[in-house]
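Q: Please build the complete structure, drawing on both the sequences and the hints.
For reference, the chains in residue letters:
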Amino acid sequence: MKKFQKSKLFYGLYIGVIFAFFYLPIVVTMFFSFNSSKSLTHFSGFSLRWYGNLIKDTEIMQAVYVSISIAILATIISTIIGTLTAIGLSKCRKLVREMLLNVNNIPMMNPDIVTAIGFLILFSSLRIPKGYYTMLMAHITFCIPYVITSVYPKVKTLDPNLADAAMDLGASPFMALYKVILPMLREGIFAGALLAFTMSFDDFVISYFVTGNGVSNISIIVYNMTKRTNPTINALSTIVILVIFVTMFIVKVIPYLIGKRRKEQLAYEENN
Amino acid sequence: MKHYRSMISPYVLWAFGFIIIPFIMIMVYAFTDGGLSLTDAGFSLDSFAEMTDSLYFTVFTRSFSTGILTTLLCLFIGYPMAFFITKFDERVQGTLILITTIPMWINLLLRTYAWIGILSDNGLLNSFLKMLGIGPVSIMYTGIAVNIGLVCNFLPFMILPIHTSLSKMDPSLLEAAYDLGANKVQAFTRVIFKYSIPGVLNGVIITFLMAISAFVIPKMLGGGQFTLLGNLIENQFISVGNWNFGAAVSLILAIVILAAISFLKRIDPDGTV
Numbered sequence: 001m002k003k004f005q006k007s008k009l010f011y012g013l014y015i016g017v018i019f020a021f022f023y024l025p026i027v028v029t030m031f032f033s034f035n036s037s038k039s040l041t042h043f044s045g046f047s048l049r050w051y052g053n054l055i056k057d058t059e060i061m062q063a064v065y066v067s068i069s070i071a072i073l074a075t076i077i078s079t080i081i082g083t084l085t086a087i088g089l090s091k092c093r094k095l096v097r098e099m100l101l102n103v104n105n106i107p108m109m110n111p112d113i114v115t116a117i118g119f120l121i122l123f124s125s126l127r128i129p130k131g132y133y134t135m136l137m138a139h140i141t142f143c144i145p146y147v148i149t150s151v152y153p154k155v156k157t158l159d160p161n162l163a164d165a166a167m168d169l170g171a172s173p174f175m176a177l178y179k180v181i182l183p184m185l186r187e188g189i190f191a192g193a194l195l196a197f198t199m200s201f202d203d204f205v206i207s208y209f210v211t212g213n214g215v216s217n218i219s220i221i222v223y224n225m226t227k228r229t230n231p232t233i234n235a236l237s238t239i240v241i242l243v244i245f246v247t248m249f250i251v252k253v254i255p256y257l258i259g260k261r262r263k264e265q266l267a268y269e270e271n272n
Numbered sequence: 001m002k003h004y005r006s007m008i009s010p011y012v013l014w015a016f017g018f019i020i021i022p023f024i025m026i027m028v029y030a031f032t033d034g035g036l037s038l039t040d041a042g043f044s045l046d047s048f049a050e051m052t053d054s055l056y057f058t059v060f061t062r063s064f065s066t067g068i069l070t071t072l073l074c075l076f077i078g079y080p081m082a083f084f085i086t087k088f089d090e091r092v093q094g095t096l097i098l099i100t101t102i103p104m105w106i107n108l109l110l111r112t113y114a115w116i117g118i119l120s121d122n123g124l125l126n127s128f129l130k131m132l133g134i135g136p137v138s139i140m141y142t143g144i145a146v147n148i149g150l151v152c153n154f155l156p157f158m159i160l161p162i163h164t165s166l167s168k169m170d171p172s173l174l175e176a177a178y179d180l181g182a183n184k185v186q187a188f189t190r191v192i193f194k195y196s197i198p199g200v201l202n203g204v205i206i207t208f209l210m211a212i213s214a215f216v217i218p219k220m221l222g223g224g225q226f227t228l229l230g231n232l233i234e235n236q237f238i239s240v241g242n243w244n245f246g247a248a249v250s251l252i253l254a255i256v257i258l259a260a261i262s263f264l265k266r267i268d269p270d271g272t273v
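Residue numbers (the numbering used here), protein chains in the order written: chain Z, 1 to 272; chain D, 1 to 273.
Because the hints were derived from the structure by calculation, they are not lab data. No residue lacks a Cβ here, since even glycine has one placed at the ideal position from N, Cα and C. Be a bit skeptical, because a hint or two may be false.
As the list claims (entries may be wrong) - DEER-style ranges, computed between Cβ atoms:
#: 1; chain 1: Z; residue 1: R262; chain 2: D; residue 2: K184; range: 40 to 46 Å
#: 2; chain 1: Z; residue 1: V251; chain 2: D; residue 2: R190; range: 47 to 53 Å
#: 3; chain 1: D; residue 1: S9; chain 2: Z; residue 2: K263; range: 42 to 48 Å
#: 4; chain 1: D; residue 1: I20; chain 2: Z; residue 2: K6; range: 45 to 51 Å
#: 5; chain 1: Z; residue 1: I239; chain 2: D; residue 2: R190; range: 47 to 53 Å
#: 6; chain 1: D; residue 1: L180; chain 2: Z; residue 2: G12; range: 27 to 33 Å
#: 7; chain 1: D; residue 1: L69; chain 2: Z; residue 2: K6; range: 52 to 58 Å
#: 8; chain 1: Z; residue 1: M167; chain 2: D; residue 2: E90; range: 39 to 45 Å
#: 9; chain 1: D; residue 1: E90; chain 2: Z; residue 2: N213; range: 37 to 43 Å
#: 10; chain 1: D; residue 1: F57; chain 2: Z; residue 2: L9; range: 45 to 51 Å
#: 11; chain 1: Z; residue 1: M167; chain 2: D; residue 2: L69; range: 58 to 64 Å
Unchecked claim - Output of the computed footprint for chain Z on chain D, the stretches with three or more beta carbons under 8 Å from beta carbons of chain Z:
#: 12; region: 73 to 81
#: 13; region: 90 to 104
#: 14; region: 254 to 267
A: Take a look at the structure:
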């Protein structure tokens, strides 16, 4: 028994060291965002100076706006197109379905840099001026595959006669889709949308190659500022990290708590 | 039921315009020699011949050796990690896996930016070493910094698939092995490791592919001194303006990666990727 305890301690220690490796850059960033001096090695006192700078920095705030608005638009559009495609695919002939699914895999498997080069060549040869809208189109393109791969497996688990049953009962095809099919796919759609949002928000490589006219997102701004130390970036990082932690908490922990409560409720009802 | 079949048409058009056409255009540029214009371009294999130039060839070998080194480091650090996680009860495992995945959600640029502050010559690492009385080490803008960045970023992609295959293993198999007289080493090599092979293959291929196509980390932590394939492609398109050569390198990279992934899908059809 004692030996067992000892090995567990060792396992825990190893896991802790690896976690320290993962979280060291994150913790350092957050810590020095509150530093009163510009140094990234010496903490000279607590201050919110860099947060003040962040709000005043129009270039960074503009990038934050670009990142968020593109992520929201790309998520909405790719979730709609992706979900409709996933439902439509299940009704298609095998050949069409497999061809489209294979094409759909290309942006997910291809390295970002190759996808980015493809867009760069496309937009340049069509003489489309690069900027906000080219970035948005590129983001929609690489987000849709993630929505389809999240929703399509859920569509496959649905009873193929479900829509027919709804229509026999008098629903129009649109009503059957809206009232019956979509609610049953809710989890998959939600997972796909979340994935699309983070993919878009985190993207650097593709955005970097398809943007122009001074339009930058957060990643591009950070990339351009790496040559000199700039604690304003740390302040921005800290906010982004906190938002992600809160989102992960909402997405992972709350459904777990709700599930637990539902289980308890069920158990209670069974007992009475 | 044909009602919903036409719902795929928007995406068919979209995929044609934004996935297939760009890919074809990369191929066209790779096999022609007309520079930026396609109107007076002719078929040519010059771009592929150019790759044998020793300058570019070193970029290929450096990318592959960096990829192999990163993959091995991730495997030797990540395997024990995945294995140790399975030793805890299910609820703790869930939390540990969540802690492993959270950094993957945080912007890569921001995490890599933080490493600059730690590794640079007058950075946190060196001031820590100074306290211990060890002389300053110059890591920033070398292969070591790039490898640290790559391992830190890709390690979760090794841990997660290995953990998935290990946790699918029935623990009674291990008891059976001990009952049949296996010692710890035998139990590991004959039972545990065999069960984790799909996860290991998955992790190895994904890590390797991400490492050879890495672009941001070598640029930020290697500071232009450590050119990998991704950086070579960027240079051709952004600063040199040799689209034909850039497209040819992209095409090679895409083919290597698509081939490796279809191989992975064949050996592990219901994979965790």
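Q: Check each numbered hint against the structure and report the violated ones by number, ascending.
A: 2, 4, 7 and 9
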